[in-house]
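Asker: Dock chain C against chain B, hints included.
The listed protein sequences correspond, in order, to chains B and C.
As numbered in numbering that gives the first Met the number 0, residues 0 to 231 make up the first sequence, in order.
As numbered in numbering that gives the first Met the number 0, residues 0 to 285 make up the second sequence, in order.
Hint data in this document are derived by calculation from the structure and do not stem from the laboratory.
Quick reminder that beta carbons are idealized off the backbone N, C-alpha and C, glycines included.
Take the hints with a grain of salt, since some may be wrong.
To be verified - Looking from chain C toward chain B, a few residues come up when the C-beta cut is under 8 Å (computed):
hint	residue
1	R162
2	I165
3	A169
4	E175
5	N178
6	L180
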Amino acid sequence: MLEVKDIHSFYGKSHILQGVSMALKEGELVCLLGRNGVGKSTTLKSIMGLVKPSEGSIRFNEQELIGKRPYEVARLGVGYVPEDRRIFRSLTVHENLLMGIRNGAKKGGWTIERVYEQFPQLKQRRENKGGHLSGGEQQMLTVARTLMGDPKLILVDEPTEGLAPLIVKEVLEMLAAVRSSGVTVLMVEQNFKASIKVADRFYIMGKGHMVFDGDTEALLAAEEIRRNYLEV
Amino acid sequence: MSDFPVFFLHGLAYGGLLFLVSAGLTLVFGMMNVLNFAHAAMYMLGAYFSYTILRMTGQFWLSLMICPLLLFVIGAVIERFLLRRVHVFGHVHELLLTFGLAYIITEVVKWVWGNFPLAVNVGGFLGGTVEIFGITYPLYRIFIFASAALVGIMMALILYRTRLGIILRAAVNDSEMVNALGFNVPLVFMGVFAFGAALSGFAGVIAGPLLSTYPGMANEILIDAFVVIVVGGFGSLGGAVVASLIIGELQSFGVLLFPKLSLALVYLLMSVVLIIKPSGLFGEKQ
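Bound-form chain B, shown alone (with noise of 0.2 Å):
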């Protein structure tokens, strides 16, 4: 379904992915772990768009990314929740999961109603401004917002960042049953003992590369990897 090959990627001078290559396929929920700084975030970043890999290659169903803007990446079925949840802090929930709803996106799929009857928080809290919210409560919004396009894929950057340990759980169990409606998911995570639970199949990054691929049991076998690349 998503083929990255090899990209390079700047910021400014900083060179912050020296050829970075992942796939995956429909329906798994791939994490990618890493300390911080390493490129995780950059890496869901060129894949949408936000940034601008000066080499390689991204596929998605077939289709190449690279050059395409943030919008019509979009368009094409790939969904962006961002570190900092980034709400709009001055709209209500309601008016924040309208936003979520492309122009031409298939009828059928997720809608306000399914949402709400997904996430009861947010039907409770429907009409507060989303400035006004909980961390967790954002974190859901920011979720429900991208899954109101219908997306294929979604690329979630540490959804977990800054939650107290019960609300870690059920971001996760609430991203497990995401990908359970069918939407294949590729999340960023610093903690690894958390999406363990969730998760099919892992990649870490060292500096602006992978060192790791592989699933829950290769993951925790490979301990030095782990000890080099993960703990601190």
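Answerer: This is chain C only, laid out in the frame that chain B set:
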């Protein structure tokens, strides 16, 4: 204080004009983060276009429709072919570009229409007077306030009652995220900039018969318009409404009550607001 109603109405009329100028300015700033120095120059262009149309046809209403359209096209061209190209280099470049455009427009105006004031008469029904608060008052000034109110209500309805409005308000919060949700943000920006230009053109047509049409009229209103958006809060339409009225009345009564201080009053107000609430009366904390 028998002059009170007259000065109050003067304040409303000038406040209305200020709102028409600053609404577009604050909208463009809120959305695109561009402080458009050429905004007042485009307003002046509107006034000069209107002068020419009035000379040729004598139709004020026609001018009021055509000039905003002309400025809409000019705004769209400026955004698409100039502003968008320098966008990647950041705010300073955008600021310098609009600053340069303001100079170019001013010089073109001097070259085409001459470096002297031109008289614009609205004539007809609008040129008449009306009895209000027991005084005889020029109808045209009432018309200015009414059209500002109408434009304000229209903008509020679009912003708060339509899907387009939701997209625009979301873009004020985070335009990159709006892009990532599948909206053609560059197109939205072009539309917003062109709409801001059209509003400035509308304000220019309105201003012609009230103030004199001369090459310095842009700078004259630019400062007051900047004060309005600073006091009201950058990017806030409601703030622009309130601040325009305050500054309109302040300018008007300042002349009546403290003639020697009247020029400083606006800056005094801005300083007080900045000290007490740096984000402006209705601005969100950044």
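Asker: Under 8 Å is the threshold here; is the Cβ of C:E175 close enough to any Cβ of chain B for the hint to stand?
Answerer: Constraint on C:E175 satisfied, holds at 7 Å.
Asker: Would you check whether C:I165 satisfies its interface hint, that is, whether its CB is within less than 8 Å of any CB in chain B?
Answerer: holds (5 Å)
Asker: Just to be careful: measuring from the Cβ of C:R162 to every Cβ in chain B, is the smallest value less than 8 Å?
Answerer: Result: holds, 7 Å to nearest chain B Cβ.
Asker: For the hint on C:N178, does the least C-beta distance to chain B fall short of 8 Å?
Answerer: holds (4 Å)
Asker: So, C:L180 near chain B? Judge it on the closest CB pair being under 8 Å.
Answerer: holds (6 Å)
Asker: Given C:A169 as an interface hint, is the shortest Cβ-Cβ distance to chain B below 8 Å?
Answerer: Interface hint status for C:A169: holds (4 Å vs cutoff 8 Å).
In terms of the numbered hints stated before, the structure departs from none.
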